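Q: Letter by letter, the chains look like this.
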Amino acid sequence: MKVTMFHLMPYPRLSDEVIAAHESYWVTMPNSHYDPKVGHDTYNKYLDELELADELGFDGVAVNEHHQTPYGMMPSPIVTASALARRTRRCKIAILGSAFCLREHPLTLAEEHAMIDNITGGRLITGFVRGVGAEYSVFGVNPVYSHERHYEAHDLVVQAWTRPGPFAFEGKHYHVEYVNVWPRPYQQPHPPIWCPSQGSNETIDWAAHPDRKYLYLQNFNPFSAAVKYLNYYREVAHSRYGYEATSDQLGFGAPVYVADTDEQAMNEARPHIEFLFNKAFKMPAGMFFPPGYTSPASLRQIVSAKTSIMAAQKTIELLAEQRVIIVGSPDTVIRQLTDCHRQLGFSNYVAMLQFGSMPHAQAVGNIERFARDVLPALQALDDRNYRGFEMPKAASAVAR
Amino acid sequence: MGATESIVSTRGGDVLLRRAGAGPTVLFLHGAGGVVGCQPFFDRLSDRFDLLVPDHPSFGRSPTPQWLDEMADLAYFYLDFIDEQRLGDVHVIGHSMGGWLALEIAIRSQQRIKSLSLIASVGIRIKGNPVANLFVMTPEQLVRALYADPKLIEQELARTPTPEDIERIVTNRTAAARLAWSPRFFNPKLAKWLHRVTVPTQIVWGAQDGVVSAAYADEFKRLIPHAAVTVFPNAGHIPFAERLDDVSRTIADFIMRNE
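Just so you know, the protein sequences line up as chains A and B, in that order.
Anchor point for the first sequence: position 3 equals 3 in our numbering, and the numbering is continuous, going up by one each time.
Adding 1000 to a residue's 1-based position in the second sequence gives its number in our numbering.
Hints were generated in silico from the structure; no laboratory data involved.
All of these numbers come straight from a predicted model, not from anything done at the bench.
A virtual CB, placed ideally from N, CA and C, is assigned to each residue, including glycine.
If you only want the chain A side, here are some residues facing chain B, beta carbon under 10 Å, derived:
no.	residue
1	172
2	286
3	300
When the alpha-carbon atoms are kept at most 30 Å apart in a straight line, the in silico DSSO-like pairs for lysine-lysine are as follows:
no.	chain 1	residue 1	chain 2	residue 2
4	B	1192	B	1114
5	A	282	B	1127
6	A	45	A	282
7	A	2	A	45
8	B	1114	B	1221
9	A	279	A	314
10	B	1192	A	172
11	A	37	A	282
12	B	1189	A	172
Using the sequences and the hints, build the whole thing.
A: Written out as structure tokens, the structure reads:
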């Protein structure tokens, strides 16, 4: 199994008073609360953490994209990936993901991803995401066209990487008279494409298609969601597309915290993970689930709810029990992740080792303990540990 | 109103159409929320007019056609609709987003339009005075923005939406987002063409409108100088819900004067 260290690069914790005084942690949290000196310090510490992961033997490091929020300080993952391109030597650099469809001109991202792939000699992994719902309030991109633009931006970018140029791309949302990118990607035919998701049959139907066979990464949900969706991928490949998906097409992501004992790990991780889940997602439900971006079922829930559906508080005990996070002694963490892998056989684990309000020194300790005590055991896992896929379990979902 | 309801087939696809009454033909263009709560107003109108109330394509019970991308598409659709249904010349009433639609129709062709009545219309933007963010507001915030009367607000807040209500809201909210997500409930290119509106026009507003402020009544008057303006106190974004008698009379008398 390959292990990637993922970073959200959150702005250091805003006070409870500031958070309580504003309706949202996203889009409208006033940027007067952003201190550039803190930002400078924080960016560099976070980049140090990712560079450390390269030195300590992680297979990859990963950055992502969020806009106008202290939740994550990477409106352009291109900038952080570029900074890592020359400071790491060995590991893959994964952009998980790039929201191509939020851009008026996704071709600029195709160019930038290709540059990083060239500079690193083919160490880039490209993630295709639609952005979270709130981001449709940032750029004014119409969420009703989110899926259309996502698929069309993908076609534009992959064609730009693979078709000899110049050619005209004649889409509904994107029309480009001359597609002819210099540089072409270093990796042929193009960098690996991953599809990070909170859980979506539609994304899997698309990613698993024989023309694509992209890696589907189930991120930051209860493990039961990973069971549902990673198995759905194997099922769709088998029943609809007539091939057996390999474990290389599947990934699992979860924050992880390692300490000497389970109790110590829980205590040390608690304030930071609870901040992430209970404070950093604060926003109006209508902002998180704009019309068209989300399924009608989610929208139904919002318009009928008397109180906010975002309000439920989560404890670390609950998050650990549901395996939204993996937390404990090295033995516990190895045992849990080995069990997860035994059930689902994913080839990639994406580990978030700094999360929420966790300070740099603590994050470095977590990264070092994980790399020393857990990483080798995970990297040794392969399909021999996987118990295999039992088709009948959810066949009805595909038969529809 | 003793309405007939039918699915009518048009060049642009199927549309749910309500029709009632006799007299001059009036086409009512509903807002982003559809026709919920409009029935008493429709009853008043159908007492004096041949009233047509379609669900816009993609709203309510009308299906979403492939061709629908933006408000201009709906404007052309209704010009076709008026011809195809052989309505002759019509008076158009547009509420909120339906007012915007009425204006998009009128700047393209007024050949079949006798008069325009715009109620709490969107479609233009006064800098610094946005339309309320209907897509992000909670159900409670929305009710408080829609109405002026505190008793009516409490009454609406106490109501539990039925599954049908919820389906309608989901459908209409998605349909409205398709047309009005960005720019939010306006067309930046509309204002420069409003001088083309030459038919008799009236502008009706609720003084306490919390969705589209009554300042927009003045701005529309500036852009369509021949328009008559009536602002009703003690009314919000749906003035015909809170001032049924007065609004119905004002609208109907104006239409009769221009028949």
